[in-house]
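A.B. asks: Below are the chains, spelled out letter by letter.
Number of protein chains: 2
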Amino acid sequence: MSLQLTILGCHSATPRVNAYPTSQYLEINNRHFLIDCGEGTQRQMRKYKVGFSKIDHIFISHLHGDHFFGLIGLISTYGILNREKDLHIYGPEGIKELTLIQLKLTKSYTKYNLVFHELTSKESELIFEDDKVTVHTIPLDHRIYTNGFLFAEKPKPRNLHIDNIKQYSEIETCDYHNIKAGKDFVLSTGEIVPNSELTIDPPKTKSFAFCSDTLFKPDIVPIIKNVTVLYHEATFLKDREDLCERTKHATAEQAAIIARDANVEKLIIGHYSSRYPDLSAFKKEAETVFENVELAEAGQTYDASLTLESTY
Amino acid sequence: MSLQLTILGCHSATPRVNAYPTSQYLEINNRHFLIDCGEGTQRQMRKYKVGFSKIDHIFISHLHGDHFFGLIGLISTYGILNREKDLHIYGPEGIKELTLIQLKLTKSYTKYNLVFHELTSKESELIFEDDKVTVHTIPLDHRIYTNGFLFAEKPKPRNLHIDNIKQYSEIETCDYHNIKAGKDFVLSTGEIVPNSELTIDPPKTKSFAFCSDTLFKPDIVPIIKNVTVLYHEATFLKDREDLCERTKHATAEQAAIIARDANVEKLIIGHYSSRYPDLSAFKKEAETVFENVELAEAGQTYDASLTLESTY
Chain A
1 MSLQLTILGC HSATPRVNAY PTSQYLEINN RHFLIDCGEG TQRQMRKYKV
51 GFSKIDHIFI SHLHGDHFFG LIGLISTYGI LNREKDLHIY GPEGIKELTL
101 IQLKLTKSYT KYNLVFHELT SKESELIFED DKVTVHTIPL DHRIYTNGFL
151 FAEKPKPRNL HIDNIKQYSE IETCDYHNIK AGKDFVLSTG EIVPNSELTI
201 DPPKTKSFAF CSDTLFKPDI VPIIKNVTVL YHEATFLKDR EDLCERTKHA
251 TAEQAAIIAR DANVEKLIIG HYSSRYPDLS AFKKEAETVF ENVELAEAGQ
301 TYDASLTLES TY
Chain B
1 MSLQLTILGC HSATPRVNAY PTSQYLEINN RHFLIDCGEG TQRQMRKYKV
51 GFSKIDHIFI SHLHGDHFFG LIGLISTYGI LNREKDLHIY GPEGIKELTL
101 IQLKLTKSYT KYNLVFHELT SKESELIFED DKVTVHTIPL DHRIYTNGFL
151 FAEKPKPRNL HIDNIKQYSE IETCDYHNIK AGKDFVLSTG EIVPNSELTI
201 DPPKTKSFAF CSDTLFKPDI VPIIKNVTVL YHEATFLKDR EDLCERTKHA
251 TAEQAAIIAR DANVEKLIIG HYSSRYPDLS AFKKEAETVF ENVELAEAGQ
301 TYDASLTLES TY
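Those protein sequences? They're chains A and B, same order as listed. So in full-length UniProt numbering the end of the first sequence lands on 312, straight run, no missing numbers. So in full-length UniProt numbering the end of the second sequence lands on 312, straight run, no missing numbers.
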């Protein structure tokens with residue numbers, strides 16, 4: 001299972017009993033990330049059994065309360081839980097000052113290291129990389145400096161086509177490394193065996209793009225081209241598209257246009273305005289443009305592997 | 001109904017699904033106060049139908065997260081709800097700086113006035129007074145500067161004993177004001193009719209003392225003497241009294257000793273440590289010292305009027 005997304009909250013700021021603000025938990029290629037952290041996120045993590053200790057990297061899209069007012073509580077809880085590992089926090093400039101002053105005034109400095117990665121660029125940039133995964137920012141257009149995040153598996157090595165390889169007695173086990181890396185094999189006769197004959201394609205890499213909150217912004221399409229799953233906010237329906245410019249939000253139709261143009265496999269929408277009691281209209285509106293749409297719902301887990309199994 | 005307390009949260013900091021941190025909503029003599037504001041308080045207010053617009057005064061005991069991390073979310077929500085009235089916040093020094101920097105960095109200054117009343121005194125002081133109610137601080141002993149709060153109805157005028165008054169034809173309606181204020185009446189003969197003959201006692205004033213978090217502190221007893229309802233923290237049972245000194249918390253038995261010595265009518269305990277799965281032991285331990293004990297529970301409302309009705 002290489003990509004699994006759990007929605008912890010998916011509503012906008014107005015407080016309601018069963019409408020938690022934005023937070024998502026992403027497992028991709030055995031890496032575990034928390035994306036945004038609205039008030040009550042730690043309670044939702046407990047409810048949906050997200051292991052606190054698995055998370056070492058938290059990504060905050062922007063400094064509006066419904067996306068990060070739960071962060072200080074979570075940081076404090078890690079202190080209570082005697083965390084020792086570093087905790088990395090990626091977010092807009094100011095997030096470090098804001099966090100440290102709260103820890104100072106509450107006299108609750110953490111025993112573990114908080115490592116802040118403050119973001120200021122208006123261009124997409126690589127902000128995390130290890131041997132399994134990369135994370136790039138997706139510059140968005142909101143009332144305040146805001147980034148989405150693109151999480152992508154690194155390409156896997158090609159798989160050996162053992163039956164074909166066995167046709168060539170000259171190929172030995174020690175050659176496999178080069179073949180998996182995509183190289184052709186040169187026989188002692190000088191004949192070249194093309195790599196395509198010796199290998200089969202590895203599983204397609206999975207990727208997830210998180211885009212909330214933003215005005216309709218078609219110039220993100222090249223950044224998120226062909227992602228497996230796109231989460232895109234859909235605060236309004238197109239009947240209230242007039243509210244988008246002032247509040248810098250998008251409609252369900254606009255989210256679907258981005259999904260279609262970026263050729264994504266699945267679109268998940270959320271961040272619904274509290275003015276809409278019936279959310280099914282969001283799905284309906286998006287489906288007029290793009291077929292594979294899901295409504296985000298707290299506690300729901302989207303498993304890209306399973307989805308692909310049922311699709312192929 | 002002159003005193004009604006609703007528990008919004010009553011647990012200590014460790015996050016759990018159904019264990020919200022401290023917050024209480026108090027109605028006393030038609031005044032409405034919020035006391036402490038742990039993470040998730042605004043969600044609990046929605047759940048238990050506490051009217052957001054009724055609250056003009058919020059009292060924060062101390063700057064530990066489980067008592068105020070929900071404040072910034074509530075302040076922001078009042079902005080979304082287009083609040084226009086002033087909001088008064090009473091709490092330790094630093095609460096203003098902390099709040100304002102969050103509003104600045106989130107670019108969400110409120111349109112209504114935030115009026116901060118920062119507390120620094122180590123003696124009990126009057127911090128709120130109008131024609132109906134007074135609020136005094138109760139200095140507590142915790143790891144950080146902490147106050148409890150004593151909310152008290154102002155004494156009501158005496159009630160007229162109409163049957164007795166009618167015995168004296170000289171007493172006219174215009175004299176009632178003085179008689180209700182407690183004055184004797186002088187007849188034209190010079191004879192004095194004592195006020196006690198002309199009036200009956202008004203209903204006893206109600207009061208509520210909120211004491212969380214604190215080490216066992218018997219010197220608060222004179223401040224809270226004879227209150228109607230005392231909320232006192234009971235983080236531990238006496239089997240772990242050894243933890244009290246380091247963490248500056250109290251046991252159920254100690255809370256009950258305070259209640260007994262202060263001669264309160266009812267004791268409510270809460271702020272239970274997450275180490276105790278069965279809370280009934282808290283009630284049992286407190287009852288060995290003081291009879292009228294209730295366990296705080298989110299959503300529960302304690303009505304002092306009803307309690308007294310059944311007692312008398």
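Simulated from the structure, these hints should not be mistaken for lab results. Just so it is clear, the structure is predicted and the values come from calculations on it, not from any experiment. A portion of the hints provided could be inaccurate.
As the list makes no split between identical chains, a pair holds if one copy fits it or if it spans any two.
[As the list claims (entries may be wrong)] Taking lysine-lysine and the DSBU-like style, the derived pairs with C-alpha atoms no more than 30 Å apart in a straight line are:
| hint | residue 1 | residue 2 |
| --- | --- | --- |
| 1 | Lys96 | Lys180 |
| 2 | Lys180 | Lys85 |
| 3 | Lys238 | Lys49 |
| 4 | Lys248 | Lys104 |
| 5 | Lys183 | Lys248 |
| 6 | Lys238 | Lys107 |
| 7 | Lys85 | Lys225 |
| 8 | Lys248 | Lys107 |
| 9 | Lys122 | Lys107 |
| 10 | Lys156 | Lys85 |
| 11 | Lys107 | Lys96 |
| 12 | Lys183 | Lys238 |
| 13 | Lys111 | Lys96 |
| 14 | Lys283 | Lys47 |
| 15 | Lys47 | Lys180 |
A.B. asks: Determine for every hint whether it applies to the structure shown.
C.D. replies: Verification of the hints:
no.	hint	in the structure
1	Lys96 with Lys180	neither (43 Å within a copy, 61 Å between copies)
2	Lys180 with Lys85	neither (35 Å within a copy, 69 Å between copies)
3	Lys238 with Lys49	neither (36 Å within a copy, 32 Å between copies)
4	Lys248 with Lys104	between (34 Å within a copy, 19 Å between copies)
5	Lys183 with Lys248	neither (49 Å within a copy, 67 Å between copies)
6	Lys238 with Lys107	between (48 Å within a copy, 27 Å between copies)
7	Lys85 with Lys225	neither (35 Å within a copy, 49 Å between copies)
8	Lys248 with Lys107	between (37 Å within a copy, 14 Å between copies)
9	Lys122 with Lys107	between (35 Å within a copy, 19 Å between copies)
10	Lys156 with Lys85	within (28 Å within a copy, 60 Å between copies)
11	Lys107 with Lys96	both (16 Å within a copy, 16 Å between copies)
12	Lys183 with Lys238	neither (51 Å within a copy, 72 Å between copies)
13	Lys111 with Lys96	both (16 Å within a copy, 26 Å between copies)
14	Lys283 with Lys47	both (26 Å within a copy, 28 Å between copies)
15	Lys47 with Lys180	neither (43 Å within a copy, 58 Å between copies)
Checked against the numbered hints given earlier, the structure breaks hints 1, 2, 3, 5, 7, 12 and 15 and satisfies all the rest.
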